[in-house]
Amino acid sequence: MPRFPPSTVNMENYCLFAFLLLCIASPVRSGDNYLSLRQAFPLLNGLDRPPSRLSLRYGGQNFTRCCLMAFEQALTVENGAVAPSTHASFLDGEDKSPVNITDLLESQFPCSAAYQGDRKGVNQLKVPWWWCNDNCPGFEISRSSKLNQWIQPFVGFVLPSVIFCLTIPRRRKLRLPDKVFPRDIDNINIFKAFISVGAAAFVVSTDTILWLGTVFALAGRLLLSGVYEAFIDKRVVDFMDEKIRNGCLPPSLRARILFTVLVGNLDLESAWKPSMDLANPLEAPGTTHQTPVSRTPPRTPSIPSQQPSSNSPTQTPQSGPSNGECEHTPPATSPTTLQPLTILPSDVSVPSQLIYERVIRQEPTQNVQLRLKSMLACQNSFGSYVGAPVIFYLGSFVFALLEINATLGENDVAHALAFGAWWMTIPHISIVSGCLLAGNNPNTLEAIAPNGMSRRRSSWKPPLNAPKGFWAQLGWRYQKVAYRLFEPTYEAEYYPAPMWERGRSKRKWVMRLVEKYRNVAPRDMEDLQSKLLMAWGDWFLISVLSTVLLSVPCVLGLLISYFTPQVGLACRSMTFLVYVCSEVLLLLLWIWDLATKVERPRPGVAEPCGGNTPGERTEVREISTSYLSILSSVIFWILTTMGLFGATFSAIGGTMMQIIGVYRNCLCKISVGHWKDKNMTLFLSTNNRMDIEEALHWWLMTGAVATGFLGVICYIGWWYQRRLRFRFRGLVDKLNYRFPWPEASGQSRND
1 MPRFPPSTVN MENYCLFAFL LLCIASPVRS GDNYLSLRQA FPLLNGLDRP
51 PSRLSLRYGG QNFTRCCLMA FEQALTVENG AVAPSTHASF LDGEDKSPVN
101 ITDLLESQFP CSAAYQGDRK GVNQLKVPWW WCNDNCPGFE ISRSSKLNQW
151 IQPFVGFVLP SVIFCLTIPR RRKLRLPDKV FPRDIDNINI FKAFISVGAA
201 AFVVSTDTIL WLGTVFALAG RLLLSGVYEA FIDKRVVDFM DEKIRNGCLP
251 PSLRARILFT VLVGNLDLES AWKPSMDLAN PLEAPGTTHQ TPVSRTPPRT
301 PSIPSQQPSS NSPTQTPQSG PSNGECEHTP PATSPTTLQP LTILPSDVSV
351 PSQLIYERVI RQEPTQNVQL RLKSMLACQN SFGSYVGAPV IFYLGSFVFA
401 LLEINATLGE NDVAHALAFG AWWMTIPHIS IVSGCLLAGN NPNTLEAIAP
451 NGMSRRRSSW KPPLNAPKGF WAQLGWRYQK VAYRLFEPTY EAEYYPAPMW
501 ERGRSKRKWV MRLVEKYRNV APRDMEDLQS KLLMAWGDWF LISVLSTVLL
551 SVPCVLGLLI SYFTPQVGLA CRSMTFLVYV CSEVLLLLLW IWDLATKVER
601 PRPGVAEPCG GNTPGERTEV REISTSYLSI LSSVIFWILT TMGLFGATFS
651 AIGGTMMQII GVYRNCLCKI SVGHWKDKNM TLFLSTNNRM DIEEALHWWL
701 MTGAVATGFL GVICYIGWWY QRRLRFRFRG LVDKLNYRFP WPEASGQSRN
751 D
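Under full-length UniProt numbering, think of the first position of the sequence shown as 1, with each following residue one higher.
Hints are not guaranteed to be accurate.
[Unchecked claim] Ranges of calculated distance between the beta carbons of each label pair, as one might list FRET restraints:
1. Leu210 with Met701: 33 to 43 Å
2. Pro522 with Val155: 51 to 61 Å
3. Lys192 with Val481: 24 to 34 Å
4. Lys146 with Leu105: 21 to 31 Å
5. Gly711 with Val481: 37 to 47 Å
No lab work stands behind these hints: they were computed from the structure. Small disclaimer: the values here were computed from a predicted structure and weren't measured. Glycine included, C-beta positions come from ideal geometry on N, C-alpha and C.
When you get a sec, could you build the whole thing from the sequences and use the hints?
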């Protein structure tokens, strides 16, 4: 084995020691050998990419690029090491402490950080408002690659709201040209078919968007009108239940009251007489409550189900209700339910006479009962039209909550959840609409109404010749344009009232019935009229219910946006606040408009179609020429205009700005109270500690509350609707009931 000289051995040992020392020290010295920041942070190379081709005014801004610019200005390289810049201190460490460069190098990049299980987050990158406004003007349009910015609020909440708005009653829709669907299919080619399909899709989509915006902008009045009609339905059902239990009201009047409940949403002047005529068979000479005519019909025998006794109350024809509250009590006869025959009266020669008499008496009642039940059954099912869409809407909430929990601190997901909670107002309107007894489709009345009526295409078709006068011609031209653009929602003889007028329409129907048939049962009609009188406590209850259904979605959305950093009242939360204030203002104005109606006799001639007779009372506004009245009217319309503008702008404009991305700008990143403070700082980094804390404390909790609240409201509305329909069917079954309820016998009641 060869031997090396000592000098060579020492040289080898020295080289080996130097190599080991270099290997140990190289990881430590690698952080101090940077030539530039982009070498330490390769993501800064994204600044070399060309900016968006879009103008900054039209969404060409990119706040990720702004974050990279601020990050590059916040740091510098000194002697091969990364150090904070002395010109701009944009970076903060944990608990607002100075940034730790070693942690910054080892942690996620602040401009593209995502939640990975560490609730401490990344370093905060904040810039003053003046810097953001100078370097990053304009807004950032929603990008197709970032689905949380637009696809979740649009597909998850806005599109399901379209299903709900289609179930809300409306009167007119955009006219679909007949040329889109020609009757002769032989002349259709592929080119014309594609054009027709595109035109039809455009018209239907435009009509749906317009109606959706109208419903959202007028949510306060729609909720108020629906709650008011539900209030009237319940009071009328309670009134009928009480009167039938006491044996009051003739069957024909009972039927007319029940028909009024079902068709009270239709135009009064056109549908009044046909709906009231449906109860005419109960007034025929063969019915139980009419006095026999001159020709002598077979006398109805009294058929007891057991041996008669001297103290039996049914033997006294004059026996009325036990409480004596009925002024008009029909003659006491046997109930419509047949009892077993034990003793055949001596004045009945053959049993066939008795059977014939009972069939003649019961057939008109059964026909009217069948019509009432058929009209009720033709209405939309709450479960199919409201309950099932609510379940899918709740699914969007659940998906958003799961995504928030998986990506804590993602602001786009929080804003999508906030707007979803806000749009929960439309499902509330649909739920209230589904609780009402009157159906939306007027063809149900047309199918069972007496024949012989002239069919009309439109109630506002303009005359052929233009009237004289400038304003008259202007109105005539407007009517022609509106007639060409819009058509009735239902091709029927009768037109339904829009949702915002249904409560008032139902009240007009009931008041017309009270005045028309006051001479039949004066005291009972006075009781019915008193049921509709609204005290201030009643208006307070209705306004509270409407306000709760309206304000809870807005408050939940406001809380989520308010506690999304930067914490404060910013653009999105301000949108919710303006909307709820405008809607509450309109709701109070509409309550005042309904509550200030008075009733007074209308002088004049009787109206056609079974309208008011001279001397009848109708709802009119008390007109006064005093300056105070004129001033109050002017103030009312000014406030109404302001409320409509605020509600429409915030509802439609706010939703569009969120989906497009207009709110993604420097001004909307700080609270409204600091807009004049140019040194106010705003966040450009993502997934910092504050974002994660707010997501845990506010986003998840508020989203869960919104999900539970909508589910509870849907269940209450579903239960209320089923219960009210069950009671209504019970009243129809007892349409011809003649006696007070036998409370002591324990007989079941269908209420």
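Evaluated hints:
no.	hint	verdict
1	Leu210 with Met701: 33 to 43 Å	36 Å, holds
2	Pro522 with Val155: 51 to 61 Å	59 Å, holds
3	Lys192 with Val481: 24 to 34 Å	27 Å, holds
4	Lys146 with Leu105: 21 to 31 Å	27 Å, holds
5	Gly711 with Val481: 37 to 47 Å	44 Å, holds
The structure shown violates none of the earlier numbered hints.
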